[in-house]
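Undergrad: Sequence:
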Amino acid sequence: MEATKTAQVRDKNAGAKTIKKTFPVLEMSCAACAVSVESMLKETAGVQDAGVNYANQSAWVVYDPAVTKPELLRQTVQSIGYDLVIEDEEEARRQQEASQQRRYETLKRQTIGASILAGIVMLLGMVVMELFSVNHTALNWVMLALSAPVVFGFGRQFFVNAYKQGRHGRANMDTLVALSTGIAFIFSTFNTIYPEYWTRQGLEAHVYFEASAVVIAFILLGKFLEERAKSNTGSAIKKLMGLQPKLVRVLVDGQEQDIPTAAVSIGQTIVVRPGERIPVDGRVLNGQSFVDESMISGEPVAVGKQTGDRVFAGTVNQKGSFQFTAEQVGSQTVLAQIIRRVQEAQGSKAPIQKLVDRIAGVFVPVVLGIAVLTMVVWLVAGGENAFSQGLLAAVTVLVIACPCALGLATPTAIMVGVGKGAENNILIKDAESLERGRQVTVVVLDKTGTITEGKPDVTDWFWTLEPAQQNLYKSILLSMEAQSEHPLAEAVVRSLSAQAIERVSLNSFDSLTGRGITALYKGDQFWVGNRTVIDQRGISVPDVVDQQVQQWQSDAKTVIYFVNETHVLAALAIADRVKETSRQAVAALLKQGIAVHMLTGDNAHTAQAIARQVGITDVKSDVMPTDKAEFIKQLQASGQIVAMVGDGINDAQALAQADLSIAMGRGSDIAIDVAQLTLITSDLTAVPRAFELSRRTVQTIRQNLFWAFIYNLIGIPIAAGVLYPAFGFMLNPMIAGAAMALSSVSVVTNSLRLRSVKL
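Under my numbering, the first residue of the sequence shown carries the number 1, and numbering increases by one thereafter.
Don't read these hints as lab results, they were simulated from the structure. Keep in mind the model is a prediction, meaning the values are calculated, not measured. For each residue, glycine too, the CB sits at the ideal point set by N, CA and C. Any given hint could be a false lead.
Heads up, simulated DSSO-like pairs for lysine-lysine below, C-alpha to C-alpha not over 30 Å straight-line [to be verified]:
{"hint": "1", "residue 1": "K42", "residue 2": "K69"}
{"hint": "2", "residue 1": "K21", "residue 2": "K164"}
{"hint": "3", "residue 1": "K20", "residue 2": "K69"}
{"hint": "4", "residue 1": "K17", "residue 2": "K633"}
{"hint": "5", "residue 1": "K620", "residue 2": "K633"}
{"hint": "6", "residue 1": "K557", "residue 2": "K579"}
{"hint": "7", "residue 1": "K20", "residue 2": "K633"}
{"hint": "8", "residue 1": "K42", "residue 2": "K21"}
{"hint": "9", "residue 1": "K557", "residue 2": "K620"}
{"hint": "10", "residue 1": "K455", "residue 2": "K557"}
{"hint": "11", "residue 1": "K620", "residue 2": "K579"}
Label-pair restraints from in silico Cβ distances [as the list claims (entries may be wrong)]:
{"hint": "12", "residue 1": "Q306", "residue 2": "R531", "range": "39 to 45 Å"}
{"hint": "13", "residue 1": "Q499", "residue 2": "R273", "range": "32 to 38 Å"}
{"hint": "14", "residue 1": "V372", "residue 2": "I714", "range": "57 to 63 Å"}
{"hint": "15", "residue 1": "L759", "residue 2": "R102", "range": "34 to 40 Å"}
{"hint": "16", "residue 1": "I539", "residue 2": "Q439", "range": "56 to 62 Å"}
{"hint": "17", "residue 1": "A263", "residue 2": "G308", "range": "24 to 30 Å"}
{"hint": "18", "residue 1": "L590", "residue 2": "A422", "range": "22 to 28 Å"}
Let the sequences and hints guide you as you build the complete structure.
TA: Encoded structure:
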């Protein structure tokens, strides 16, 4: 995260200059945490505006430097239990990574420890105590000893955070967990130490240690799973930065020197050798080569470069060497602009507010109010045992309101949903991504590697020779293409090698720039190349060959001819094949009511041909990475929820901009890192399946929340004693605990139903 990134902003009202900075935020553990940090920053003197991104663990702040300083912002955030990294960019990144790693390891230890102890306590309280004749007092002391480390040791963070939130009049999920588990534990401890208080009144001294311990264990498990999903948030930016070489070979007074890339200045001459990455943007001075520009265009075929052609930072030189003049360096390169756009899109505010945290913000004060009101009413109108019955009723309210089911409602559905996704070749980065899929109204598809296979292949052959004569000439063609540096030659070599064709020894070989290649074999001359080769030789093309070639070209396929001195021996078509399931996937998306667009860096003719094959009518061709991101912005501005599906570095910017980003698992690591969903298959039908999974999972979460609250809605009034005046009935705390457990069982059982869903 860019801690020192600044921008000058004009305050519309005061006219004063303000600074915009982005800082990493440490220790945030839920979406409500982000809300708390944001609201505190906005209330700080001198701050004009602020936003916090929970997924990206960062905050941007627009402030007046004459009124406030980063140190004050940090103190403000620290006052509610979080931290702001205000050091330079490199130190900020290091601290954020170290903090995330520490939190992950800590949560892992806490989850394991709490789960073991909570399991033992639950076994003692719900099995041993109920089924065996044991000394209940001694068993209570054992459960107290085992649950105390869970509640106040492994669960300490909930109480600390709840305290810090409470100091500022705020409440979140931590508050709910701390209150319910704390009250249940204290009440159980009192009953263990002084059970006579209840027994003298003819009541049983119940304990709820297992409820406190199990709630803490489950909540920790949910937080651990979430932290694991977020652990690689910044890796995409690091890999993008890694595309630029650290050292550059420049010409100084005719001598080659290695200097840092950061030291390159405009106008310097840079030398690039085969296999090296191009360090900055520029224009070729001399030499020629083919350059893999898939990170810019997304197209699999390397681009020929000659004097005067442009080259871009991060692209990979193939087999030739050349020199070029630096024209854009540092932050001006296309690669740097992609990095900056990805950072901006990833750092923008997430549109989703977690439903459970919103509910918790209202639920906590309501439950507290009911518990206090219950106590007051009993004290006023309860009669002889008003205090004891009022206290029992108030505690029962808090016990039945224990958020075990509420804490399980989302994590269990997400766990099952993520597992179901994995079974269907869909890897889901986090819960928000899974939830977002159901809202998508438009899908934007990259062409190469997404709709198509992503590499050129020989799709068709047309031989003018009899089958018995073909093998010798196939051997000659294979031997010629094996020596060619042209990217399409690899497709021919793959195709012929798959036919078990043997190579022959050529007498000579030469490359014809812009036309093809030629070779001599046993006194006969052969050529491989485009139509120019034929025209220059004056060779007549048979009508049947010409008709076939026209058909291939109408399908946007590249045609290569193989000729000798007098005849066309063969014609072959090369194209990036459309995946067999792409048309089915587009049809499934359209059936779901989702509009489908295709964006590609390829030309309009090829783009339209591919679109026709798969049933897409909305196509944009000749687009650069920035164009893709801008197109998605336009769709978003019109109110659409956009999912982007891509596989290359050139798609990273658009993926980061989209509301939901989906990467093909066989694509680049950077596209996968930026993406929220990754398809570990080349089958595009996984996309509509992912959306169906999202709909089913969110539906399950809502059902879970219903089951989590239905017991509270019915049980809390009964626990408070509303039936006592008419029927003399008081809800036993043990029944309240059972209702709480039943709600949890309902939630888990409902979540497990997702396993049987057919996508």
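Undergrad: Each hint should be assessed against the structure and marked as holding or not.
TA: Now for the hints, and whether the structure bears them out:
no.	hint	verdict
1	K42 / K69	holds (14 Å)
2	K21 / K164	holds (26 Å)
3	K20 / K69	holds (12 Å)
4	K17 / K633	holds (28 Å)
5	K620 / K633	holds (15 Å)
6	K557 / K579	holds (15 Å)
7	K20 / K633	holds (22 Å)
8	K42 / K21	holds (14 Å)
9	K557 / K620	holds (19 Å)
10	K455 / K557	holds (13 Å)
11	K620 / K579	holds (20 Å)
12	Q306 / R531: 39 to 45 Å	violated (21 Å)
13	Q499 / R273: 32 to 38 Å	holds (35 Å)
14	V372 / I714: 57 to 63 Å	violated (21 Å)
15	L759 / R102: 34 to 40 Å	holds (38 Å)
16	I539 / Q439: 56 to 62 Å	holds (59 Å)
17	A263 / G308: 24 to 30 Å	holds (26 Å)
18	L590 / A422: 22 to 28 Å	holds (26 Å)
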